[in-house]
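Asker: What follows is each chain in one-letter form.
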Amino acid sequence: MLHFALREAGRLALGLLGALLMAAALAALGNRHVTDGVLPFLKAWGAVLGGLFQLDLGHSAISGGGVWDELATHLPLTLELVGEGLVLALLVGIPVGFLFGAGPARRAAAPLAQALSAAPIFVGALVLAYITFHVLHWPVAVGTEVKTSLKLVPHTMPELREALLPVLTIGLAGAAAAQLGLRRATVETMHEPWRVQLRRMGLTAWDVERAYVLPAVLAGLFKCLGEVVLALLSAAAVTEWVFGYAGAADLFVKSVALRDWHIAAAVLFVFAGLTMTAHFIGTCLARSIADPGAPTPW
Amino acid sequence: MVMTVTGQPLQSALATVLRAAGWIGLALIAVAVSLSDFLANVPADTVNAGPLLGPPSEVFRFGTDVLGRDMLSETLHALSATVRAALPATAVTLVTGALFGFVAARLPRPLALSLRGLIGTLSAVPGLLLAILIIGLTSRGWASVAAGLAAAPMAFVQAFERAGTQTRAAHSEYARAAGISAVTLLRRDLIYEFTQTILSSAARALAAVTIILSTVSFLGFAAEPPHRDLGLMIAASKGYFLDAWWTAAFPALALTLLILFARLAAGLDEGERA
Chain X
1 MLHFALREAG RLALGLLGAL LMAAALAALG NRHVTDGVLP FLKAWGAVLG GLFQLDLGHS
61 AISGGGVWDE LATHLPLTLE LVGEGLVLAL LVGIPVGFLF GAGPARRAAA PLAQALSAAP
121 IFVGALVLAY ITFHVLHWPV AVGTEVKTSL KLVPHTMPEL REALLPVLTI GLAGAAAAQL
181 GLRRATVETM HEPWRVQLRR MGLTAWDVER AYVLPAVLAG LFKCLGEVVL ALLSAAAVTE
241 WVFGYAGAAD LFVKSVALRD WHIAAAVLFV FAGLTMTAHF IGTCLARSIA DPGAPTPW
Chain P
1 MVMTVTGQPL QSALATVLRA AGWIGLALIA VAVSLSDFLA NVPADTVNAG PLLGPPSEVF
61 RFGTDVLGRD MLSETLHALS ATVRAALPAT AVTLVTGALF GFVAARLPRP LALSLRGLIG
121 TLSAVPGLLL AILIIGLTSR GWASVAAGLA AAPMAFVQAF ERAGTQTRAA HSEYARAAGI
181 SAVTLLRRDL IYEFTQTILS SAARALAAVT IILSTVSFLG FAAEPPHRDL GLMIAASKGY
241 FLDAWWTAAF PALALTLLIL FARLAAGLDE GERA
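Keeping their order, the protein sequence lines are chains X and P. Residue numbers for the first sequence follow the numbering used here, so the first one is 1 and each next one is one higher. Residue numbers for the second sequence follow the numbering used here, so the first one is 1 and each next one is one higher.
The set of hints was computed from the structure by calculation and includes no laboratory data. Treat the hints with care, since some could be wrong.
[Claimed, not checked] Now the stretches of chain P that chain X is said to cover, found in silico as 3 or more residues with beta-carbon under 8 Å:
id: 1; region: 62-74
id: 2; region: 210-217
id: 3; region: 239-253
id: 4; region: 263-270
[Said to hold, decoys possible] Here are some, though not all, of the chain P residues that point toward chain X, as calculated from beta-carbon distances under 7 Å:
id: 5; residue: S114
id: 6; residue: G117
id: 7; residue: G136
[Claimed, not checked] Over the 10 Å line for every Cβ pair with chain X, so calculated as not near, a few chain P residues:
id: 8; residue: L18
id: 9; residue: L28
id: 10; residue: S34
id: 11; residue: D45
id: 12; residue: P55
id: 13; residue: P110
id: 14; residue: T121
id: 15; residue: E173
id: 16; residue: A177
id: 17; residue: G179
id: 18; residue: R187
id: 19; residue: A207
id: 20; residue: H227
id: 21; residue: L260
From the three backbone atoms N, C-alpha and C, an ideal C-beta is built for every residue, glycine too.
Given the sequences, and given the hints that come with them, work out the whole structure.
Answerer: Quick look at the structure:
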């Protein structure tokens with residue numbers, strides 16, 4: 001396990017290094033001389049990398065504020081949205097993945113699930129807004145005001161109303177990825193020959209499910225953690241725009257529109273880092289619960 | 001046991017039917033797109049064709065929008081614009097993702113792994129943000145290329161993995177042992193790969209680029225009036241769709257159907273990333 005974790009940590013470090021180089025190249029575009037040729041660009045790139053090693057991410061070309069300050073202002077909101085979305089994704093995705101793992105339930109739900117999967121996130125957000133407005137009669141503001149905070153645990157009805165739509169939109173996008181990983185693992189495990197062999201060895205069905213099938217299925221879920229986080233971040237970009245939240249994804253969109261490359265590079269690096277770290281954690285968790293070194297049948 | 005024996009052929013038959021349904025749906029959309037100028041009642045962006053925000057009726061079957069534009073005509077024109085932008089984007093994804101990934105896996109190992117690492121890093125960033133970034137670095141006119149490039153990392157990684165499996169396959173080992181050159185083997189594997197997977201890869205790429213293109217348009221980074229695509233039409237309805245549902249519902253339905261048919265044609269699993 002230690003060897004595996006070290007190897008995965010090495011991969012993560014390489015991935016983060018690649019993302020850092022990519023972000024630095026993007027940030028270098030903020031230098032006014034980069035269009036003069038390759039050499040000025042390489043110089044600017046080197047200068048940005050030099051700054052990064054001193055933890056200087058540069059300054060926003062628009063506000064003039066430090067990139068750290070901009071991230072500190074906008075990133076927490078995105079992380080809150082993604083965090084709450086992740087909880088919802090697991091709450092919805094795990095039962096759906098188990099329920100529609102195989103058999104007639106899956107065949108019956110497949111057309112609806114396909115149709116839901118085909119709807120882009122912004123269409124889903126508008127549908128949820130419409131339903132909330134007409135069925136629950138809640139006031140819905142679509143892109144009319146800019147919000148800079150979100151109550152992680154809503155205490156009042158207005159707070160719940162404000163948080164529900166963006167979290168639901170992001171959570172459902174993540175749930176699609178979570179249920180897929182779980183469902184695939186369930187289907188794979190269902191067809192494993194060792195299930196029958198273990199029963200023949202005298203184990204009860206419950207013992208086989210609890211000690212062997214459940215870890216294998218959960219490992220399948222953990223393995224797709226990176227995919228789930230990627231789906232959540234994609235959904236956050238759209239949701240922040242639709243519902244007017246001034247998060248990091250919204251900051252990225254505005255930074256690109258205004259050619260504020262230092263900010264765009266920082267957000268890009270953070271998002272790539274989050275996805276890679278989630279993948280690393282998920283892979284290690286999957287390995288720890290379905291460790292081939294342990295006495296398992298596979 | 002009975003379930004296993006009867007379940008597998010049934011599932012396989014269902015998958016074939018769904019794929020066929022996907023291709024038929026895409027063919028119907030292709031017909032609608034090619035005849036959009038004839039099927040539409042008025043040219044694109046014709047204002048005051050009817051009452052402002054008129055609901056669906058006998059005359060205006062999809063209703064009218066805030067400028068009195070016929071929603072049926074506008075949806076047909078926007079569907080055409082979306083498909084016309086998505087097709088070159090699909091080609092870009094196939095070439096820079098699927099084809100390049102397949103060839104990259106056959107390059108000398110250090111170079112192949114470096115490319116895999118670089119593209120793998122790009123695939124850790126949401127495709128939508130990549131597309132926005134490329135458009136920001138170029139211009140709106142490059143939106144199709146940007147969407148194609150943004151969807152390419154995923155296609156690259158998948159093709160790279162498939163090529164890796166083929167390289168380790170028994171036929172490759174026999175070929176190498178028999179002295180068949182690497183180029184000949186690559187050509188054989190490329191032909192096999194593309195005849196077997198080109199259609200599903202293209203449909204998958206179409207679904208991916210359509211989602212990216214419509215979303216960047218929705219965010220205001222791609223299509224510009226008067227050449228509106230479905231994403232921009234839906235964005236334009238943001239202010240009044242709560243009271244006039246038809247202004248968003250029909251373009252959203254057309255967009256969802258296009259993506260759904262492409263997903264079905266590609267044989268994607270429910271919830272699987274395109």
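Asker: Next, verify each hint and record whether it holds.
Answerer: Hints, one by one, checked against the model:
1. Residues of the region 62-74 of chain P with a Cβ under 8 Å from some Cβ of chain X number 0, which does not satisfy the need for three, so the listed coverage is violated.
2. Only residues whose C-beta sits within less than 8 Å of a C-beta in chain X count toward coverage, and the region 210-217 of chain P has 3 of them, enough to reach three; the restraint holds.
3. Only when three residues or more bring their CB closer than 8 Å to a CB of chain X does the claim for the region 239-253 of chain P stand; here the count is 6, and the claim holds.
4. For the region 263-270 of chain P, the stated coverage by chain X is satisfied: 5 residues place a CB nearer than 8 Å to a CB of that chain, which reaches the threshold of 3.
5. Evaluation of the S114 (chain P) hint against chain X yields a violated restraint, the C-beta minimum of about 9 Å exceeding 7 Å.
6. The interface hint given for G117 (chain P) holds, since its Cβ lies 6 Å from the closest Cβ of chain X, which is under the 7 Å cut-off.
7. The beta carbon of G136 (chain P) is positioned within 7 Å of a beta carbon in chain X (closest approach about 4 Å), and the interface hint is therefore held.
8. Residue placement check: L18 (chain P) does not keep its beta carbon more than 10 Å from all beta carbons of chain X (closest about 8 Å).
9. Once the 10 Å rule is applied to beta carbons, L28 (chain P) is consistent with being away from chain X; the minimum gap is 16 Å.
10. Listed as a non-interface residue, S34 (chain P) keeps its Cβ farther than 10 Å from every Cβ of chain X; the least gap is roughly 22 Å.
11. Distance to chain X confirms D45 (chain P) as a non-interface residue, since its nearest Cβ pair spans about 22 Å, more than 10 Å.
12. Taking the minimum C-beta to C-beta distance to chain X, about 15 Å, the non-interface status of P55 (chain P) holds against the 10 Å cut.
13. Against chain X, the non-interface label of P110 (chain P) holds: every CB pair exceeds 10 Å, the least being about 13 Å.
14. Its beta-carbon lying about 4 Å from the closest one in chain X, T121 (chain P) breaks the requirement of being farther than 10 Å from that chain.
15. Listed as a non-interface residue, E173 (chain P) keeps its Cβ farther than 10 Å from every Cβ of chain X; the least gap is roughly 26 Å.
16. Against chain X, the non-interface label of A177 (chain P) holds: every CB pair exceeds 10 Å, the least being about 31 Å.
17. Listed as outside the interface, G179 (chain P) is consistent with that label: its C-beta sits roughly 36 Å from the nearest C-beta of chain X, beyond the 10 Å cut-off.
18. For R187 (chain P), the condition that its CB be more than 10 Å from all CB atoms of chain X holds, with the nearest at approximately 31 Å.
19. Here A207 (chain P) does not stay apart from chain X, with its beta-carbon only about 8 Å from theirs, under the 10 Å limit.
20. Residue-level check passed: H227 (chain P) sits 20 Å from the nearest beta carbon of chain X, beyond 10 Å.
21. Under the 10 Å C-beta cut-off, the non-interface status given to L260 (chain P) relative to chain X is violated; the minimum distance is some 4 Å.
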